[in-house]
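So the protein lines, in turn, are chains A and B.
Per this note's numbering, the very first residue in the first sequence carries number 6; after that it's consecutive.
Per this note's numbering, the very first residue in the second sequence carries number 1096; after that it's consecutive.
It is possible that some hints are incorrect.
Subject to a maximum C-alpha distance of 25 angstroms in a straight line, what follows is the list of computed DSS-like cross-link-like pairs (lysine-lysine) [to be verified]:
id : chain 1 : residue 1 : chain 2 : residue 2
1  : B       : K1167     : B       : K1150
2  : A       : K103      : B       : K1529
3  : B       : K1287     : A       : K633
4  : A       : K364      : A       : K377
5  : A       : K785      : B       : K1150
6  : A       : K769      : B       : K1287
It should be emphasised that the hints constitute simulated quantities derived from the structure, not laboratory data.
Residues per chain, in single letters:
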Amino acid sequence: MTRARLLLPGLGLGLLLSGCYNGGGEDGDASEATGMATMDSTMGSTSTTGTTGSTTASSESDSDTGTDSDTETTGEPGDCYSTLQFFADNVWAPTMSKTCIQCHDPTGIAAEKNAKFLLLPPVYPGFMEANLENIKSIAGYSFDDVPLILAKPLFLVEHEGGKLFNEGDDIYVAIEELLAQLDSPIECPVDTSGANFPDVELLTPVQTLRKATLHLAGRLPTADEISAVEEGGLAAVDDALAALMVEDAFYDRLTEIFNDVFLTDKYANGSATNAVALLNNNDFPERNPFINNDNMLATADRVRINQAVAREPLDLMTYIVRNDRPFTEILTANYTVFNPDSAFIYGVKNIQFDDPNNKKELKEGVITVTRKGAEKAYPHAGILTSPMWLNRFPTTPTNINRHRSRMVFLKFLATDVLALASQAIDPDAGSTVFNPTRNNPDCSKCHKLIDPLAGAFQMFDKNDQEFLLDPPVWYPEVFNPGYLNEQIPPDQFSTGVQWLAERVASDPRFPLATVYTMYNALTGQHALTYPTDPEADFYDQRLKAWQTQDVILRSIADKFVADQYNLKTAIREIIKSPYYRARSMPKAPTPERAAELGALGTGRLSTPELLARKIGAVTGYPWVRSDKLDYLTTDYKILYGGHDSNEITERLTAANAVMASVAARMANEHACTITAFDFTRPAEERTLFPLVELGDSPDSGASAEIKANIQYLHRQILGEELDIDDPELSRTFQLFYDTYTAGNAALADMSESATLISQCRATKDLKTGEALVAEEQITKDEAYVVRSWMAVIAYLLSDYNFIYE
Amino acid sequence: MHRRDFLNIAAMTGLAVAAPRRAKAAFSPYGGPYYVFVSARGGWDPNYFCNPKVKDPARFNRLYDYAPDTHKVGNLPYANIPVSGVALGLDAMADPYLMTAKDFLAAHGAQTLVLNGINCQTNNHDRGFKTTFSGRGDRDFPALAAMIAADRAPGHPLAFISSGGYANSGNLLPVTRLSSVGAFQKIANPNKVDVNNPDSATYHSPENFARITDAQAARLGAIEGAEALPRIKASAGELYLARSNMDALSLVDLPTTLVDLPNNIGDLERMMQQTQLALAAFQAGLAVSANLELGGFDTHASHDINQVRQLAKLLHGIHFLFQQAEALGLLNELIVVVGSDFGRGKSYNGPGAADGKDHWPVTSMLVMSGDPSVVGGDRLVGATTDEDNLPMTVDPMTLETLAPDEGTEMTFGTVHRALRRFAGIDDQHPLWSKFPLVSEDVGIFG
């Protein structure tokens, strides 16, 4: 056997695979211990040509994509068919994903025997690139001039999986072609603007601006911003986004997004003590006096202080973004941030606040505790060492940080390690094995990945979650602390979490995980997962959808990294992508094409928080209780599909009858509250009715003005630019007209009163709460115009285009 | 709306039919049976209630004495563990809300089928949770609760209620959550200013409100008809379905107040409140199935206190469910399935009182019915070995317990095949083939 050539050393995710999962074997002889399961006789039937691909370089198996051009409803293939795509379509999908991986996955038989040919399953983000990189790294190995990757399954050399195919089979030809391409891999430019979806119309730049501004800043774009985008197109959206991503409202939205992931608001949620109570009084002597309220603080002050402590990890994250720091600092920061309240509870010294009364002011600092008579600093590693994060993802003396390990994989590396345990556990198999997590292969498959990372948290107590141990404690029967196959030097055990953080932050999966998180936040959908069931309906189309999205999200991750891990770059690029901007299709897609486009576009149900802000932004007044708190973030939060960070931790993303009823209640109540009041303002100050007066009615010859105001309302509330003769404006006008006509009849026959019900009268300023002077007040509706406009406002506030983004 | 129409719409997640002028469909109250799935989240220990073992600190029980001939109610054995709030880290105020296994079986043994020795095939919380309540851990299958609701009354506005528990709906129908009484009453009457006043004013006159609703439906139909982008079409259809029969929410007669327990058993209070809300939805004919959940069972530490306390709360919570169902006249239509992520053990993870039990893939399930004849109560199927707490097998026909290699091992695939048939989703049903369970059949329900 010769080692004839070694092409293209593994880079990027290839390092993850070849460097971290091959057991560290340095022996150049790759002949030992590669095994394959029996070849599936149906291999080669799947074609997964991507939207950027043509058929020029593929085998004959790439014909059935379900994109029948006769329908004129599908995207046109591009000119470039990358080596990666070729691999995915012709090598991975038909064969390696089904047969080879059964032994060659990181926990498989081949891996245990240090085989160099290793395949990551789809549970790992970036698995396709990593697998191609691995093949590159072993492509130089050959036997009698036959590449080893062919010689093994041909059984020209020993192969525990036996003979899997013959020379000339489709898969043989495909691998040969792949190896040839690896000499000079074809790479295709990535277009994230929507060119991959020629049959789909995107939001215009101005519409994109409106959607993004409402989402990120909870307001409508200004006239200047709109003008700039009208002039500068999509490029100008970049500038507008950059400007709004410094506003406080943007950081409020980021706090929500981060809490959706880490759920540490469990300890806030209006509580006066929940966060502070988690702390150890010996370490933080302000804890007990606060819990006991020795200082007789008002409840509102206690809630505020408790929230400051609860929000510390989220504040750290927003602080990093606000200061344009690399987002990797959420893991690697050797500090955290405090406001005056949290600094007080933690007893942090050496922080000077510019204004101690400004509870929004954040300063960097370090938590210190006393050990062995000396002051000892926390080994700060971003949010990983936040007392709140440690409590939210707690451990026990037998769990020994495995839960935290899983969370690190899941939240920062987009890897669900539990999904690696794809096979059923036999309860009997481990019963006779000593130390099964290490010695029983059924258990060690996952534990050898999970336990080392868990060991990085060994400096924290296993009962008192944030209590710093000195010295740290780990267990000889458990895998050594480390990350993947690198071990933490014992002299760094006390700061091992910092050691870990550096490695996680530099793992190629971290930027992808970040992009996935922001993608979910902005679109309301999880990134697509690789379809693993070839028998499922529309498998080929779902695979194509995944491939297309994977390429786009990875390109966004690349831009995020290239811009020094600036989170705003990832947000901006997702917003500009078709997944955020797709608006319509002129022609109905075939069922196959529809399956490819399922993740695309608008039509996301607003969360309670997003909808609450949108109501305030477009109507000028929030929908609030008497205590000025938004209904949608209090009384109706759970009913409207929100979560409480505690018992309910997932958002509902599909409307149900209860949610539709909440929207109906909102529309009715809010229309009642704001309609008459808006008319009390001078026309130029009105949010809703700048083009009409209360005296304008169909009977007064003001139909044109009414229609113009309806046109304005469709733009203001729904973001629709409609011509004055658009049927939708006619429908809305008809509602006004019918209500007006019937209402006047009801007034005439006295079945309705001219006096508005008290809730709908304008008697006080909605912003200041002060009573309006008598001549400004509107308490009667003698022409039934107020109620006609109320009907219109309720109709628009409960419209699909209002409650969906 | 006809069930199959609904399924077609849901399956395509878009409107497959022309939207009527008003988004309304014929509504007929659902009359049962009502299914409640109770999740003991974290991994319970059947050895501490329905699968007792002889005391042996080196094995599975260091807490209680067990005599098989003595410690059983009817055919059902129990772990004879006394409970008191003070001993379990609570206080005497909690005592009325804690229940022993003995008392539970005395009250409900005749209504209870105990399945012991189920091989959950995982030690993984998420996978176990999914396996227990869907029958399969290697697929994202919908909860059985969702499948039943989709089969029986998918268009009913509260068909599947889940404010905790395994809530995967499989896109068969929407998941609904219920919370406070006051907020629900307001949305059930969205045009009424004061929902507590029968003569309350309305925001819009009834005629105007109907006019608005008509216009909304027409507009939504126009959007759905004009849009071809799958996501928009799907979400427009979703809203259409959500608005169907929305008016029926006013039929739900919620209790004037929800239960209020001492602060240190707030988790049980929440479970009991969810019980009240779900039963009200059943009574109104709007719901088919509901999830309830009680957490705190992941007792790696202080098992003898924490596990016992949570079990005592759980059993009281189920008892409360039966009491309330009886009070509302729903008892005979009530079916309850109780499960957890997996079991615990197989032995303790340390000798100290502060030690606990770790995850163990062998577990149990309770299937209960208000009418004892429905599930065939006072029955015990399956067992675990006394030596290793491993699953025994059963004869698939007679259900006789057999040695581990002699009969059929019960997995949740086995159990769910039986549960599906029991719920009317047999192997000819489209949902059966859409979500296949690869497992052997055991005639648990005959």
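Checked hints:
1. B/K1167 / B/K1150: Judged against 25 angstroms, a Cα distance of about 16 angstroms means the pair holds.
2. A/K103 / B/K1529: holds, 22 angstroms
3. B/K1287 / A/K633: Between B/K1287 and A/K633 the Cα gap is close to 21 angstroms, so the pair holds against 25 angstroms.
4. A/K364 / A/K377: violated, 34 angstroms
5. A/K785 / B/K1150: Roughly 80 angstroms separates the two Cα atoms, so the pair is violated.
6. A/K769 / B/K1287: holds, 22 angstroms
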